Amino acid sequence: QKEVEQDPGPLSVPEGAIVSLNCTYSNSAFQYFMWYRQYSRKGPELLMYTYSSGNKEDGRFTAQVDKSSKYISLFIRDSQPSDSATYLCAMGFTGGGNKLTFGTGTQLKVEL
Amino acid sequence: DAMVIQNPRYQVTQFGKPVTLSCSQTLNHNVMYWYQQKSSQAPKLLFHYYDKDFNNEADTPDNFQSRRPNTSFCFLDIRSPGLGDAAMYLCATSRGSVAGPDTQYFGPGTRLTVL
Numbered sequence: 001q002k003e004v005e006q007d008p009g010p011l012s013v014p015e016g017a018i019v020s021l022n023c024t025y026s027n028s029a030f031q032y033f034m035w036y037r038q039y040s041r042k043g044p045e046l047l048m049y050t051y052s053s054g055n056k057e058d059g060r061f062t063a064q065v066d067k068s069s070k071y072i073s074l075f076i077r078d079s080q081p082s083d084s085a086t087y088l089c090a091m092g093f094t095g096g097g098n099k100l101t102f103g104t105g106t107q108l109k110v111e112l
Numbered sequence: 001d002a003m004v005i006q007n008p009r010y011q012v013t014q015f016g017k018p019v020t021l022s023c024s025q026t027l028n029h030n031v032m033y034w035y036q037q038k039s040s041q042a043p044k045l046l047f048h049y050y051d052k053d054f055n056n057e058a059d060t061p062d063n064f065q066s067r068r069p070n071t072s073f074c075f076l077d078i079r080s081p082g083l084g085d086a087a088m089y090l091c092a093t094s095r096g097s098v099a100g101p102d103t104q105y106f107g108p109g110t111r112l113t114v115l
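Going line by line, the protein sequences match chains A and B.
Numbers 1 to 112, taken from our numbering, label the letters of the first sequence in order.
Numbers 1 to 115, taken from our numbering, label the letters of the second sequence in order.
Be aware that one or more of the hints could be misleading.
[To be verified] With a cut-off of at most 30 Å between alpha-carbon atoms, the simulated DSS-like pairs for lysine-lysine come out as follows:
id	chain 1	residue 1	chain 2	residue 2
1	A	Lys99	B	Lys44
2	B	Lys38	A	Lys99
3	A	Lys67	B	Lys17
4	A	Lys109	B	Lys44
5	B	Lys38	A	Lys42
Note that these hints are calculated values from the structure, not bench results.
Keep in mind it's a predicted model, so treat the numbers as computed, not measured.
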């Protein structure tokens, strides 16, 4: 079993839809959680990070962490074609040697 | 703007011909990482430097080496590239926080093709 599981998609939604992207993890030591966006043939770009259970909002993006269920989500409101990309979750823990464990990424396509 | 720069963006090499990829950063971060990413896969950490301390992942092949001559630059050397080494190579940096999230910032990547 992988430490971090993420549905690869592809996920196709109409413009304006609410998108839900999810990851599950098995290592209860993970303390902080990040979401990266990766456009085709580019490097990952940090979107958001959270350090505790609950919600964190930044514009159209909301990151949600449920440590009891080992489940994290990224919600995108009013999705735009420019949101079309692969979304990678990543997680780490203090004392983890500055390393992150990544999911495989979910490919999202927002269609006009 | 502070950033992570990778050169070249595209690299073509021949089977067995050594190749060097370069990364530089203006963020003054302590940690620099090299990842390998193949299509539809998670980035795979090859190794990282915390300052001058080199940390190799257990499953990184000996074919891959790295150098960090100073804070700003880090190089990935592939001594004898095989067809299976064709991938996107990502460089990332972080402050090296020991308490709290140690956010990594990525460069644009170098896409390596092996003929």
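(message) Output the indices of the hints that this structure fails to meet, ascending.
(response) Of the numbered hints, just 3 does not hold.
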